[in-house]
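Guided by the hints, dock chains B, C and D onto chain A, whose structure is given.
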Amino acid sequence: MATVNQNDQRIIEYDVRTDEMLVNMGPQHPATHGVMRLVLRTDGEIVSEVTPHIGYLHRCAEKIGENLTPRQWVPYTDRMDYLAGMNMNLGWALCVEKLLDYDLPEKGRHLRVIITELCRIASHLVGMGTYGLDLGTFSPFLYAFREREKILDLFEEACGARLTYSYLTPGGATADLPNGWIDACETFLEQFEPCITEYHTLLTTNAIFIKRTANVGILSPEMAINYGCTGPVLRGSGVDYDLRRDGEERYTEMYDGYAFEVICERDGHYPNDHDYPPVPPDAVLGDCWHRFYVRMLEVMQAIDLVRQGIEKYRSAEGNWGVPIKLTTKLPKGEVYLETEAPRGQMGFYLVSDGNAIPWRVRARSGCFSNLSVAHELCNGSPIADIPAVIGSLDIVMGEIDR
Amino acid sequence: MTVSNELNLPKPWIEGRFEENVITTTVEQAINWARQSSIWPMTFGLACCAIEMMAAGASRYDMDRFGAGAFRATPRQADLMIVAGTVTYKMASRVRRLYNLMPDPKFVIAMGACTVGGGPYFKWGYHVVKGVDLVVPVDVYVPGCPPRPEALLEGLMRIQDKIRGHKIHVQKGTNIKIPDELPLPHHSGYVDAPADQDPLLDHQKITG
Amino acid sequence: MAQDLLSRLKGKFGDSITGANTENMDPWIEVAPEAIVEVSKYLSTEPDLKFDMLNCISGVDYLHTDEKKAKKVDWEPHTQVVYHLSSISNKHTLVLKVILPRWKDGKEGQLPEVPSVAGVWRTADWHEREVYDLNGIFFTGHPNLRRILCPEDWVGHPLRKDYEQPLEYHGIRGR
Amino acid sequence: MKTDDPNINWVEEPKLGLAGRMYLPLLIGGLTTTARHTVSKKVTVSYPEQEPEIANKLIYRGVHRLNKDEQGRVKCVACFLCATACPAHCIDIIGVESPWPDREKYPESFVIDELRCIYCGMCEEACPVDAVELTSMYNLTGRSREEMIFDKEKLLSVYDATKDDEPMKSAEFGGTV
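One line per chain: the protein sequences are A, B, C and D, in this order. Using numbering that gives the first Met the number 0, read the first sequence as starting at 0 and increasing by one per residue. Using numbering that gives the first Met the number 0, read the second sequence as starting at 0 and increasing by one per residue. Using numbering that gives the first Met the number 0, read the third sequence as starting at 0 and increasing by one per residue. Using numbering that gives the first Met the number 0, read the fourth sequence as starting at 0 and increasing by one per residue.
Just so you know, not all the hints are guaranteed correct.
[Unchecked claim] Straight line, CA to CA, 25 Å or less: simulated DMTMM-like cross-link-like pairs of lysine to aspartate or glutamate:
{"#": "1", "chain 1": "D", "residue 1": "K41", "chain 2": "A", "residue 2": "E189"}
{"#": "2", "chain 1": "D", "residue 1": "K162", "chain 2": "D", "residue 2": "E152"}
{"#": "3", "chain 1": "D", "residue 1": "K168", "chain 2": "A", "residue 2": "D102"}
{"#": "4", "chain 1": "A", "residue 1": "K311", "chain 2": "A", "residue 2": "E189"}
{"#": "5", "chain 1": "C", "residue 1": "K90", "chain 2": "A", "residue 2": "D102"}
{"#": "6", "chain 1": "A", "residue 1": "K62", "chain 2": "C", "residue 2": "E163"}
{"#": "7", "chain 1": "C", "residue 1": "K40", "chain 2": "C", "residue 2": "D51"}
{"#": "8", "chain 1": "D", "residue 1": "K56", "chain 2": "B", "residue 2": "E149"}
{"#": "9", "chain 1": "D", "residue 1": "K40", "chain 2": "A", "residue 2": "E148"}
{"#": "10", "chain 1": "D", "residue 1": "K168", "chain 2": "A", "residue 2": "D152"}
{"#": "11", "chain 1": "A", "residue 1": "K62", "chain 2": "C", "residue 2": "E66"}
{"#": "12", "chain 1": "D", "residue 1": "K151", "chain 2": "D", "residue 2": "E96"}
{"#": "13", "chain 1": "D", "residue 1": "K153", "chain 2": "D", "residue 2": "E69"}
{"#": "14", "chain 1": "A", "residue 1": "K149", "chain 2": "A", "residue 2": "D175"}
{"#": "15", "chain 1": "D", "residue 1": "K41", "chain 2": "A", "residue 2": "E148"}
{"#": "16", "chain 1": "C", "residue 1": "K96", "chain 2": "A", "residue 2": "E247"}
{"#": "17", "chain 1": "C", "residue 1": "K96", "chain 2": "C", "residue 2": "D51"}
Hints are computed from structural coordinates only; laboratory data are not their basis.
Chain A extracted, bound-state conformation (with noise of 0.2 Å):
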């Protein structure tokens, strides 16, 4: 019986010939977080290319931002990322504030510093939620939206709207905290903390979440910086950058005199996880594991923040900064300021040529550039792991199309 030559190409061709398949994970899917394609290579179960077709939901922010004023362009940048209205708001209200050169009244800079982290705890617990649900449990989904209603019945007393505020305007904000409201904060910052070691039981240390998210999309630090990724993503892989400590100086000194250590995994462990569950063995630094693990550490430095904010809140009087008028007139120049939201630098380019209606805004957002790290984190990788990648890279579709 002639010997078969094992490695006969015509043999390995024929036995094993998969066609390449283009899938579509359409804009209507239920694991991509919005309205976003994906166009899969897939060769049987294997993706060998994924190309993201974004654009579903771009609503042309910037050519509205041509005709509006800044007062008026408020509620445009809450539509962004429209889980963290607040840090959107504060980074447009930063921006112009550098162009007219206004100094906040303390009171002001302390009220900011509440709301915004308050507002990435409510956007990190949708992130958690959402992907429990990209990975298959519904229960998280649920724990989250409901520690989440109470945040937002927060700031529903504080300006009025659960989820499109444009509260923190250029100048300072629509209005004051009502009396009582600080209480309510610290009576939801205290049962809201064993809520979070209930989600440690039910994601973090899960042997199936573990299996599912450790060593899956892993991005090596220089490709993160190479790629732009910012935040959580870049945390994720042990880069230690974090804006609200190394960032504009206008920006940074809305944070001083605050305690804060920047979440990144230094040497093996990370800041004062002495009581969270530790690093599973299999976790590799930079796969979607420490990207949601760095998620749930910086929701513990929110609450943190928050409790020092009211503080300083409490001590602080005066006035807690008043919105620009209408029509303020901008002075001639261009000014670029990027602020820590929730999921990457949420960056605001402002060019105005003297009257109240700036000529071009730019808003450069962090999930833009996350996502097109997608096809480095997914090729090579079975089908079942592209929700699994594309839910830690946690993107919005309002902020990536504008």
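Just chains B, C and D now, kept in the frame of chain A:
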């Protein structure tokens, strides 16, 4: 803002002939009751209103109390399309295709200012469709930006009122005109064609 | 900081550094279009500068549509491509600008051209596609320059000042 | 992620015992959390029966209303400030000479398109005479577009409906009006 719906339906003659715990009803009311309390929405979250829709589905506002909690991912198994978020030109063909894929009887809630009429992106939004009823016929409009989950539940109750008024077949000679026929897109959206000729009537047929 | 960086760049690249503005809040350095790739390679690899992160590329269109304003203004119509760079290790930022004519050698419809820096920073790939899509600036040498936000068959570049809104798109009324 | 990338070290996954392979401990861990929640306090607000309590009615941004002054006339002086301040351009006013001596203009028609409005509260902020205000009425739905365009009479009827439990805000509104 509740809508009175005492439609003048003929009373079945065997009403109240049995003791208390026997319910008599017509086949039509039973079917309508079954349909109205099991509307399955399709997960079709586009933008910020999707977050409020998820909040409506979550534990506090709990759409499941109306039987509408089972969010189906595929249009094939859904009979309510909640368009939650801005519909852009690039997305409009997808919305129309998803609407065509849904089995009858299907309903559409336009949730949020952007969906209903272009919202804040009306004046300079070159890429935004000014109102989703240029693309699909809409049954209930829920304004707000984003509307509260209660407003969405209110819209869901309006859809249930509409289902309660459905007829299985129109008896010969009586042809009771149901007051709330499915509203038809009140202008066809084609610019060169005469803008507002009478709207297309048999839009329930799948035009593909 | 900007002053000595400017003189250093001028020393190294001579006249391809066409100008600078240091009294603005964020000082910027103007670079000639054809030298942008060498300058960015130099900035990203130089050990003490190390601008390893490109924050954002934006296209700005300078044109006044009505004549009254056009006469009052000192610049004549042009477009700019603005690069915001920052360095993670040294924690400082820099703004580069490339000045381009609105249309390539004056012919309407010919997009101005800039060599692409996607080779130096991978994040420029998507940012340049967006500037091409919205501002109408062609990036030569870009891996795949397609529209990223607007649909593929969209006509015109929306963020140009003389862009007027389409009346309808695929049968859906625009206004 | 190329497989021969130098700085990725491949790690063997820990061997799982029989219980671990069947994920028994996790099942029990997860179910205890769920069980604990079935006995804890219910969170659901069953909407039609239970109205959500809006904590701060002064600042809540719901459906608009046009205020009336003491003689029952509409307070608006048709100065178009709210129409210019509105980012969504959904207020259109037609101002005519006012028949009353103490005011030179009054709105003959004041239309707010509730469908385009984003409830951001800028009109309330911009109004010099506090004529337009946002009430705390949130559950508004409509069956057709025309029904949702509020004209002057409808806005005044909203005022009559919410007059008693929500007095006019101008006096004690702690905000920046």
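Notebook entry, point to check: Quick check: which numbered hints come out false for this structure?
Noted result: 3
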